[in-house]
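Chemist: Chains A and B are the protein sequences, given in the same order. Heads up: the first sequence runs through residues 1 to 659, numbered per our numbering. Heads up: the second sequence runs through residues 1 to 357, numbered per our numbering.
Certain hints may be false.
[To be verified] Cβ-to-Cβ under 8 Å is the rule here; a few derived chain B residues that face chain A:
hint, residue
1, Ile93
2, Leu95
3, Arg119
4, Asp120
5, Arg123
6, Gly134
7, Leu136
8, Ala137
9, His138
10, Phe147
11, Gly148
12, Lys156
13, Arg168
14, Tyr278
15, Met323
[Unchecked claim] Sample of chain A residues facing chain B (criterion: CB under 7 Å; computed from the structure):
hint, residue
16, Gly232
17, Asn236
18, Thr237
19, Ala240
20, Ala243
21, Met244
22, Gly245
23, Ala246
24, Pro258
25, Thr301
26, Thr331
27, Ala334
28, Thr339
Since the hints were derived computationally from the structure, they do not count as laboratory data. Virtual Cβ for every residue (Gly too), placed ideally from N, Cα, C.
Here's the letter readout for the chains.
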Amino acid sequence: MSVAAERVATIPRPAANQWWRHRLVLVGAVIGALVIVYQAWSNGYQWPSALEWKSLSTGLDNFQTWLSDQQSSAHPNVVFSVLNGISTGLDDLVSWLATLFHDLTWAGTTALGVLVTLRFGGVRAGLWVMGAFLSFAAMGLWEDCVQTFALMFAAVILSLVVGMPLGVLAGRSDRFQRAITPVLDAMQIVPAFAYLMPIVILFSVGPGAAVITTMIYSVPPAVRITALGIRGVPANTVEAAAAMGATRLQMLAKVQLPLARKMLLLSVNQTILFALSMVVIAGLINTGQGLGSLVTNGLNTNPALALLAGAAIVIMAISIDRATEAMAERTDPARMHVTEAIRGRLRVATAATGAAIGLAVGIGYALDAGSAYTNVGGSPDWLQARLQSALDYVENPSTFVFSITSWIGNHLVEYGLQPLQNFFVETPAPVMLAGLTLIALLLSGLRPAVMTFAMLAVIGVVGEWGSAMDTASQVIVALVLTMIVAFPLGVWVAESARVATIVRPILDVLQTLPQLVYLIPFIYLMPVSIVPGIIAAVLYASPVVIRLVAAGIREVTPNTVEAAQAFGATRTQVLLKVKIPLARDAIMLGVNQGIIMVLAVVVIGGLVGSGGLGYEVAYGLQQGQFGPGVVASLAILALGIALDRVTRGNRRPRLEGNR
Amino acid sequence: MTTTTVSADAVEPAGEQRGDPLIRAHGVWKVFGPHAERIIGSPDADLPRGELREKTGCVAAVRDVSLEVWPGEVFVVMGLSGSGKSTLVRTLIRLIEPTAGAIEITGRDVIAATPAELRDLRRHAVSMIFQHFGLLAHRRVIDNVAFGLEVQGVPKSKRLERAAEMLRLVGLEDAANQFPDQLSGGMQQRVGVARAFAVDPKVMLYDEPFSALDPLIRRDMQDEVCRLQEETGKTMIFITHDLPEALRLGDRIAIMRDGRFVQVGTPEEVVGSPADEYVANFVRDIPRSHVLTLRWIMRDARPGEEDGPRLDVQTTVREAVPMIAANERPVCAVDGAKVVGVVDRDAVLQAIAGERD
Ligand SMILES: Nc1ncnc2c1ncn2[C@@H]1O[C@H](COP(=O)(O)OP(=O)(O)OP(=O)(O)O)[C@@H](O)[C@H]1O
Ligand SMILES: [Mg+2]
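Take these sequences, add in the hints, and give me the full structure.
Modeler: Here you go:
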């Protein structure tokens, strides 16, 4: 299952064709008018400074100072003690987990991971996990992996503890589902980069803050997929149980949970992947050990090590994905057909697994293995040196590779980014504001337009108009590139089964990768500072857009297609005149999802000097400039919501599985 | 009112049911949609379905239905798809909350029942069998059959014993350890039937139990239900949209249209004298001679006719034809030893000829 698959599920019904053509023409007209205004009055009016809330940044700084004063004072304020309690509690949980893995010794930890996967997920999944452990050891990153795993594990457990009961509630009550959906949407729309700063202010840096950052991102899938699972239980089965007089509790325990078991495990799978993808970003505020901080620190100081750590994260993500997905498939009680005899055998297997793990722990102690196990076989220094020389080659201006990448980068800036940035930043702010609101009105309706207006106004008021428009221009370029890559590929995947079988596993892997990991290789490949973020964003968003486009085109009913063929339409005609127009809502959804995903990565690009809002957050984090950092975070949040609303289309929020 | 409503309690039960009815429903309404309760009693309530939906956004699935079912009786509700049959049967045990009306089962007031009382009713007094089976895919067949008892809190060994007995009853003892998705549709519905019988309820509700099955299996299952009915004497409400099925199983049949009962009567009454065009259309293709009995076509005996050849009054016309054809004299219809009427050739010919008009 893919990272964004649950959002893929809401493909709206097609609206009338005419309506759309109309709107698109009008949107084109609005853009044309904006361009004319830009040509005529560029730099005429900026955001009026009378409408800026200039003291916000200092106010935030004062708040932060007040908080840290509280920390040092003898009788801290209640609010502060609560916050402090949470963060130290979480710190303790993470370090307790790390200690647990240490106490198991490396032999025990490996046996635990591999054998449990083997028992519940089968041989193939077991081999994946085994391979992952071997590679961690070979890369010399064992200790960091353990730290990262402990952090992620804590975040996942807490996300599930919070998310699953909420999901069960949402699955059983339409009203609760309606209430919680916008909250979950908001949690997923906001780029992680935007809430790093506030969390640091409230919880200070450390594993606890990292766990909270991760949870904001990983609770929504836990809730959503759990609810989907509960709703997916056949209604007639639930009704039959009710007719037999089952209580609510019996219904849950004996009918709904067992039948939703596979989905519940998939929700664990998704929660883990979401959490893992956030662990890297969380490395920015958890400067201790772990793969995340290796990546974030290494970006500027030790690129080879950052690259290795990135690879370790990728391996961890893929192997956990495979393992949990296999477990979900193989333990589905509706398909397993567990009779008494089989149950007995399974019990024996479980006991044997437990015993083997215990034995491994024993052996670990006997060998005095400890867990500070770093290298077996390959030397990490040797590996790092090799990597470094490869990087040096790539970065050397006289090489062939460099000539290609710099050519691409320069052209992208010259013909795409620079003009667009000028257009966004230099068009008079009020005109831009009106234009974007109008586009939202045309594409999405009144309410989204009002929201767009409000959010853009917030950006102006907090004094981030210029940076936000800079970021917006990067987002648009990345989105256009994404569509250029993903749209034809999506069509191709939908049209050819062979292409689909080749592309699908690649998309699966791409979708399990954390956002930041995409960035790493391009920092070295692309010399221009804005470009790596853009390329990474395109790679990050493309798989989801490809899937949406393909799903939309494939969903066009065979009847319609048959009818067109009966009129003698060629394959191309069917595609252009029937399938693509009918799939346009799915395509619009792809634009909407794509723009949100692109924004998330583009702002991370601020870490490597891409400018815009992301850079202000990164700078704030690295320099301890809290006020400006939080203001920029706020602007990212507002920009995210605005971009979502502009591109939302006439899609109405629809409850899944609601009859 | 635009449509005539016939309430079941206006019609005397066929045969010799005595005592109090086991199920009694009076003036039951179910309206889906916003502010459903406001519709009832207002002029809107009599609008045709489509207009009501246009005007209020509500669907009146069941309208003012009353029925009484006596112990041991098979009461069939039939009607076209969407006529409200499933909704009606679900309101009886409040799987769907009725919008208005009074319901009593085994003397208990269902509408006023607390959740615990309602559970008790569902656990012990009434069982339901569903069109789409509603089996638990994650449990063995035998655990599915035992589920009702499990919900009641019966200990494991006891409930498995009872479930095994029920599986024998429906001829599925060999499938006990299999899983629902390993069985054919007919077998799955047998499991559904066994599950319903396992709790030994007084009342069985069948909601189109066999419409997902192919015709041959369906016939088998109907035989099965007839047999179980005879062996156990349960009271049944049986929903179907298949008229032959209704005629085969039903002691009385209620014909439902757009949420109302348009006719309630014995199979003979429904076939012999349809209440309106709608019912007449329904029964048009049914060979009358297969359904009508001598009771329906006999006339009073004239003096001297009472010593003719005798046939039971319950004999269908079709079965009576050979004897009537072979005899010059009218045949006497007897109930026990008593002659209740006579049937002559004209009456038979008329009954058969009536099939074609
Ligand atoms: N939950 C619901 N919400 C709104 N309308 C409903 C609901 N359930 C049923 N209806 C409507 O009530 C009417 C009666 O439905 P019902 O299922 O009782 O018909 P039925 O006679 O059982 O038909 P079938 O033979 O197809 O099972 C239909 O028009 C249906 O659309
Ligand atoms: Mg029905």
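Chemist: For each hint, tell me whether it holds in the structure or not.
Modeler: Here is what the structure says about each hint:
| no. | hint | result |
| --- | --- | --- |
| 1 | Ile93 | holds (6 Å) |
| 2 | Leu95 | holds (6 Å) |
| 3 | Arg119 | holds (4 Å) |
| 4 | Asp120 | holds (7 Å) |
| 5 | Arg123 | holds (3 Å) |
| 6 | Gly134 | holds (3 Å) |
| 7 | Leu136 | holds (6 Å) |
| 8 | Ala137 | holds (4 Å) |
| 9 | His138 | holds (4 Å) |
| 10 | Phe147 | holds (6 Å) |
| 11 | Gly148 | holds (4 Å) |
| 12 | Lys156 | violated (12 Å) |
| 13 | Arg168 | violated (19 Å) |
| 14 | Tyr278 | violated (29 Å) |
| 15 | Met323 | violated (48 Å) |
| 16 | Gly232 | violated (12 Å) |
| 17 | Asn236 | holds (4 Å) |
| 18 | Thr237 | holds (5 Å) |
| 19 | Ala240 | holds (3 Å) |
| 20 | Ala243 | holds (4 Å) |
| 21 | Met244 | holds (4 Å) |
| 22 | Gly245 | holds (3 Å) |
| 23 | Ala246 | holds (5 Å) |
| 24 | Pro258 | holds (5 Å) |
| 25 | Thr301 | violated (53 Å) |
| 26 | Thr331 | violated (11 Å) |
| 27 | Ala334 | holds (4 Å) |
| 28 | Thr339 | holds (5 Å) |
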